[in-house]
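Trainee: Residues per chain are reported as follows:
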Amino acid sequence: DTAVSQTPKYLVTQMGNDKSIKCEQNLGHDTMYWYKQDSKKFLKIMFSYNNKELIINETVPNRFSPKSPDKAHLNLHINSLELGDSAVYFCASSRRTGGPTPLHFGNGTRLTVT
Amino acid sequence: AQTVTQSQPEMSVQEAETVTLSCTYDTSESDYYLFWYKQPPSRQMILVIRQEAYKQQNATENRFSVNFQKAAKSFSLKISDSQLGDAAMYFCAGPHMDSNYQLIWGAGTKLIIKP
Chain A
1 DTAVSQTPKY LVTQMGNDKS IKCEQNLGHD TMYWYKQDSK KFLKIMFSYN
51 NKELIINETV PNRFSPKSPD KAHLNLHINS LELGDSAVYF CASSRRTGGP
101 TPLHFGNGTR LTVT
Chain B
1001 AQTVTQSQPE MSVQEAETVT LSCTYDTSES DYYLFWYKQP PSRQMILVIR
1051 QEAYKQQNAT ENRFSVNFQK AAKSFSLKIS DSQLGDAAMY FCAGPHMDSN
1101 YQLIWGAGTK LIIKP
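From first to last, the protein sequence lines stand for chains A and B.
Quick note on our numbering: the first sequence kicks off at 1 and runs consecutively.
Quick note on our numbering: the second sequence kicks off at 1001 and runs consecutively.
Warning: the hint list may mix true and false statements.
Using 30 Å as the maximum straight-line C-alpha spacing, the simulated DSS-like pairs for lysine-lysine come out as follows [as the list claims (entries may be wrong)]:
| no. | chain 1 | residue 1 | chain 2 | residue 2 |
| --- | --- | --- | --- | --- |
| 1 | A | K44 | B | K1055 |
| 2 | A | K19 | B | K1114 |
| 3 | A | K41 | B | K1078 |
| 4 | A | K40 | A | K19 |
| 5 | A | K67 | A | K40 |
| 6 | A | K52 | A | K19 |
| 7 | A | K36 | B | K1110 |
| 8 | B | K1110 | A | K44 |
| 9 | B | K1110 | A | K40 |
| 10 | A | K71 | B | K1110 |
| 11 | A | K41 | B | K1114 |
| 12 | B | K1078 | A | K36 |
| 13 | A | K19 | B | K1073 |
| 14 | A | K41 | B | K1073 |
| 15 | A | K67 | A | K9 |
| 16 | B | K1114 | B | K1078 |
| 17 | B | K1073 | A | K40 |
| 18 | B | K1110 | A | K41 |
| 19 | B | K1078 | A | K52 |
| 20 | A | K19 | B | K1070 |
| 21 | B | K1073 | B | K1110 |
| 22 | A | K9 | B | K1073 |
| 23 | A | K22 | A | K67 |
| 24 | A | K40 | B | K1055 |
| 25 | A | K44 | A | K9 |
| 26 | A | K9 | B | K1070 |
It should be emphasised that the hints constitute simulated quantities derived from the structure, not laboratory data.
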């Protein structure tokens, strides 16, 4: 049983295109996140939703738009892709109510923009 | 500024030996959580161990243990009897001052296991 699943695993696309990455968790967690890991392996939070409400919105270009249709899903849509968007994107989830749980990560989506 | 510092970009250890990865952090909170995550070449992020700051006892998970020094704001990870499968990037994560929903991440330490 996959706890946090994100699709696709790999995404290769050209500059200027629009793409989406989907994420779903079946852990019953109330908080979901998007992280970006650059080529130097540095992890940077992008967004976080708690019970479908945006609670963290770090300084990312507004070409990136998260959407959370329900507590179990958090998708990431990227418009007008640029070369610098190439990275690994991780979805994660955790529970905040009743005491925080560790982050559970998806397997990542490697985005390559050519 | 809040930081989590992993001062060792890379460490190597002989198989079956013990290695310690260092992590220091900065916070004004008294109650918080600290984590070590492992990222093998498969790129999956795997929780290794968690420490709750209000617990004085160091957390232990099989061959993995921490040396938590709250006053010094130090949270090192000790791996005993190193195995080839331990080769990975190891990330330390600590509390964010302004948000209970956010962690501050270290830059990672690449652990190499020599057979």
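Trainee: Indicate, hint by hint, whether the structure satisfies it.
Mentor: Hints, verified against the model:
With a C-alpha separation of about 28 Å, the suggested pair K44 of chain A and K1055 of chain B falls inside the 30 Å cut-off, and the hint holds. Taking the CA atoms of K19 of chain A and K1114 of chain B, the gap is near 41 Å; set against the 30 Å cutoff, the hint is violated. For the hint pairing K41 of chain A with K1078 of chain B, the CA-to-CA distance comes to about 22 Å; that is within 30 Å, so the pair holds. At roughly 23 Å between alpha-carbon atoms, K40 of chain A and K19 of chain A fall within 30 Å of each other, so this suggested pair holds.
Pair hint K67 of chain A plus K40 of chain A holds up; C-alpha atoms about 27 Å apart against a cutoff of 30 Å. Restraint check: the Cα-Cα separation between K52 of chain A and K19 of chain A comes to about 21 Å, which is no more than 30 Å; the hinted pair holds. With a CA separation close to 19 Å, the supplied pair K36 of chain A and K1110 of chain B stays within the 30 Å bound. Under the criterion of a C-alpha separation no larger than 30 Å, the hint pairing K1110 of chain B with K44 of chain A is consistent with the structure, at around 18 Å.
A hinted pair counts as satisfied when its Cα atoms are at most 30 Å apart, and K1110 of chain B with K40 of chain A qualifies at roughly 11 Å. Taken as a hint, the K71 of chain A and K1110 of chain B pair is broken in the structure, with Cα atoms around 34 Å apart against an allowance of 30 Å. Our distance criterion of 30 Å between C-alpha atoms is met by K41 of chain A and K1114 of chain B, whose separation comes to about 22 Å. Taken as a hint, the K1078 of chain B and K36 of chain A pair is honoured in the structure, with Cα atoms around 27 Å apart against an allowance of 30 Å.
Our distance criterion of 30 Å between C-alpha atoms is broken by K19 of chain A and K1073 of chain B, whose separation comes to about 41 Å. With a C-alpha separation of about 24 Å, the suggested pair K41 of chain A and K1073 of chain B falls inside the 30 Å cut-off, and the hint holds. Simply put, K67 of chain A and K9 of chain A have alpha-carbon atoms about 19 Å apart, close enough for the 30 Å limit, and the pair holds. Between K1114 of chain B and K1078 of chain B, the direct Cα distance comes to roughly 17 Å. Compliance with the 30 Å bound is thereby established for this hinted pair.
This hinted pair checks out: K1073 of chain B and K40 of chain A have alpha carbons roughly 25 Å apart, not beyond 30 Å. In summary, the hint linking K1110 of chain B to K41 of chain A is supported, as the alpha carbons are separated by about 10 Å, within the 30 Å threshold. Among the hinted pairs, K1078 of chain B with K52 of chain A is inconsistent with the structure: their alpha-carbon atoms are about 38 Å apart, more than 30 Å. About 44 Å separates the Cα atoms of K19 of chain A and K1070 of chain B, which puts this hinted pair outside 30 Å; it is violated.
Annotation: proposed proximity of K1073 of chain B to K1110 of chain B holds, straight-line Cα distance about 22 Å (limit 30 Å). A C-alpha spacing of about 37 Å is found between K9 of chain A and K1073 of chain B, which places the hinted pair above 30 Å, so the restraint is violated. Between K22 of chain A and K67 of chain A the alpha-carbon distance is near 10 Å, which keeps this suggested pair within the 30 Å criterion. In summary, the hint linking K40 of chain A to K1055 of chain B is not supported, as the alpha carbons are separated by about 33 Å, beyond the 30 Å threshold.
With a CA separation close to 19 Å, the supplied pair K44 of chain A and K9 of chain A stays within the 30 Å bound. A threshold of 30 Å between alpha carbons decides the hint, and for K9 of chain A with K1070 of chain B the separation of about 39 Å lies outside it, so the pair is violated.
In terms of the numbered hints stated before, the structure departs from hints 2, 10, 13, 19, 20, 22, 24, 26, listed from lowest to highest.
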